[in-house]
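Just so you know, the protein sequences line up as chains A and B, in that order.
For the first sequence, my numbering assigns the number 300 to the last residue and increments by one with no breaks.
For the second sequence, my numbering assigns the number 1054 to the last residue and increments by one with no breaks.
Each hint should be verified, as a subset may be incorrect.
[What the hints assert, rightly or not] Some chain A residues close to chain B (C-beta under 7 Å, calculated; not the full set):
{"hint": "1", "residue": "Phe21"}
{"hint": "2", "residue": "Pro24"}
{"hint": "3", "residue": "Thr112"}
{"hint": "4", "residue": "Phe137"}
{"hint": "5", "residue": "Phe258"}
{"hint": "6", "residue": "Lys268"}
{"hint": "7", "residue": "Leu279"}
[To be verified] Coverage of chain A stretches by chain B, computed from C-beta distances (three or more under 8 Å per stretch; other residues unrestricted):
{"hint": "8", "region": "98 to 104"}
{"hint": "9", "region": "118 to 129"}
{"hint": "10", "region": "170 to 184"}
Keep in mind that the hints were calculated from the coordinates and are not lab data.
The C-beta atom is built at its ideal place from N, Cα and C for all residues, glycine as well.
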Amino acid sequence: MKAQTLTPASKSGRATQAKGDRRKGNSKSDGWWPWLFVVPTVAGIGVFYLWPIVQTFYYSFTKWGVFGGTKFIGLDNYVRMFADSTIPQSILNTLIYTVVVLMGIPIAVILASLIERPGLRFAALYRTLYFIPYITMPAAVGIVWRLIYNGDFGPINWFLGLFGIQGPYWTSTPGFALLAVATVGLWMSLGFNLIIISAGLREIPRELFEAAEMDGASRVRQFFSITVPLLTPSIFFVTIVTVISGFQLFDLLYVMMGKANLAMPQTQSLVYIFYNQAFLQNDKGYAAAIGILILLIIALLTAFQFRIQKRWVNYV
Amino acid sequence: MSESMLSTKSGVESRRSGSAATRPSQAGGAPSGPAGRGAKGRGTKSQGTKATKGGKQGSNVLAHCVLGIGGLAMISPLLYQIVMSLSTNAEVQSTPPTLWPSVVQWHNFADVFTSMNFGSQLWVTVAITVIRVIGQVLLCSMAGYAFARMRFRFKGLILAIVLSIIMVPSQLFLIPQYQIIQNLGWLNSIAGIVAPGIFSAFGLFLMRQFFMGLPDELEDAARLDGANPFQIFFRVMLPLAANGLWALVIITVLWSWNDLLWPLVVTSTANAAPLSVGLSNLQGEHANNYPILMAASLMAMAPILIMFLLMQKRVMAGIGRSGLK
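This is chain A alone, in the form it adopts within the complex:
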């Protein structure tokens, strides 16, 4: 709508500008130069991203033979997906993982409000400490956490043992395994959430806090009445990112548990099933259908979040 109202003005503006030297054809395009800039990337994206989406969509209606060759089987893969009990289980697993990682957001809000206190010493050091896990390689850090979670001699179970608690074999017990992986997910994403929320916090005018302090509002009151409401756009953004990346859960699961883990069926994510079907079972048709399902779920969740944002996000 805004664009339409803008168009006439912009066109006339461009026309007057073009009256000068660049009139012939140039008013509409810069000739073939732009294509020199654009074609390599656009062609690459077309070949490696755009066309593959079309192909995957088609593959989701096919069955792959053992010796190559595909057969069109209509909706069979989708029918099979609805009957496959591992699918709802994995959606639930992914949701649980995402919910645990989402709990990092309130933690990040509190930490950011502490770090961004004006004149706080060591603020840069704290930012560094919290951010480091975010940049570490999941494959490398997953190995470390696997050792930390070790059932026999890992420090977590040793610590629990001090209180007489017999800790489980975290990464190989259904239920506990997902929790263990999700905790690492929370640990890794906290630094990212903190950076985004800190940036949002710095945009809140200092005067608001000063005025509130004049009026005798306590720090806690300021936090809930100023900080949190004005941070809702940042919180909304990290929520979207967390949900999308939560549904991409693969690396940590793969590294911390391993392909042979007996708890994997109860713990696996949708992406893990996709990987397993496509590249271990070589059932690429079914895997393609699961890929489409992942796309649909992420699209629905994101659309839903954008719908309900009006109720809680304050845009100033």
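With chain A held as given, fit chain B onto it using these hints.
What follows is chain B alone, placed relative to chain A:
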């Protein structure tokens, strides 16, 4: 096309001005902030109300306690990893956990090179990262520049399609990408790992956003001087986009170095795999040699950690700019 372009441009400009406003407010706000606070602090001091001063300090002590304990907890896995990488296997498996090895086992780090294909995997990781960075910097900045500042047919349509790809999860590309690499005979090769990743819809978008925020004057001046678009781009505009390029470089390095799923799919031999794949497969073979595992994973993370510590501000700004990894 022109309207969609204009509307996005105006949107971008408002965003840019938003981010531009945050920068001065950070830079300009910093003086005003401390100055204001300083004045206020002095005010309370001169009033001599010890209670408020004490209260303020007290709450900052609490903040330091929370942040300090939390920060220690955040890096404790890495500290644990360092200690274990220097211990013997028996010490790793002892309870209570070893706080510091009785004899520091530096040789664990050398053993990594002999007990796994660490050297070749490190080389693969470095190579794929360098190639992807160079490819993306060159291709994304050129395309982003054209989409931001040039006029051509179907621009709005092409851009809309490219942007929609950013939203699509990678599982929708993976199978056909694998087939392409397989058909080219590039499985288990550096070319196969890097091929899809030197193109990036996200990188294109990032650079377009950046170029849209740059002023017109220099470009116009260069054009009047008779420079062709290539010269304008490489000599005038690209140097101006240094901050945007840094963001793209950092995001690409982090993603490329840590990426697991794609290289896992296209490599099946230990020599051809990058470190991420090598480490995740190592678990089976060397599952019980914990010090070696810790040393290997530490060395695999070290280059990124060092890069981050050397240029923290750029990395955080780059990640903040990117939003999505």
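With a cut-off of 7 Å, does the beta carbon of Thr112 of chain A approach a beta carbon of chain B closely enough for the hint to hold? Interface hint status for Thr112 of chain A: holds (6 Å vs cutoff 7 Å).
Hint validity - Leu279 of chain A Cβ closer than 7 Å to any chain B Cβ: Holds: closest Cβ of chain B sits about 6 Å from Leu279 of chain A, inside 7 Å.
Restraint outcome when Phe258 of chain A is required to lie within 7 Å of chain B by C-beta distance: For Phe258 of chain A, the interface hint holds, since the closest Cβ of chain B sits about 5 Å away, which is under 7 Å.
So, as I understand it, the hint says Phe21 of chain A touches chain B; can you test that by seeing if any CB pair is closer than 7 Å? holds (4 Å)
Counting residues of the region 118 to 129 of chain A whose CB is closer than 8 Å to a CB in chain B, do you get three or more? Answer holds; 12 residues pass the 8 Å Cβ test.
Regarding the hint that Phe137 of chain A lies at the interface with chain B, is the smallest CB-CB distance below 7 Å? Holds - the Cβ of Phe137 of chain A comes within 7 Å of chain B, reaching about 5 Å at its closest.
Three residues minimum, CB to CB under 8 Å: does the region 170 to 184 of chain A make the cut for coverage by chain B? Let me know. holds (count 7)
Mind checking the CB of Lys268 of chain A against every CB in chain B and telling me if the closest is under 7 Å? holds (5 Å)
Stated coverage of the region 98 to 104 of chain A by chain B [criterion: 3+ residues, CB within 8 Å]: holds (count 6)
With a cut-off of 7 Å on the beta carbons, see whether Pro24 of chain A makes it to chain B. At about 6 Å, which falls below the 7 Å cut-off, the nearest Cβ of chain B leaves the hint on Pro24 of chain A intact, so it holds.
Going down the numbered hints, you'll see the structure goes against none, and every one checks out.
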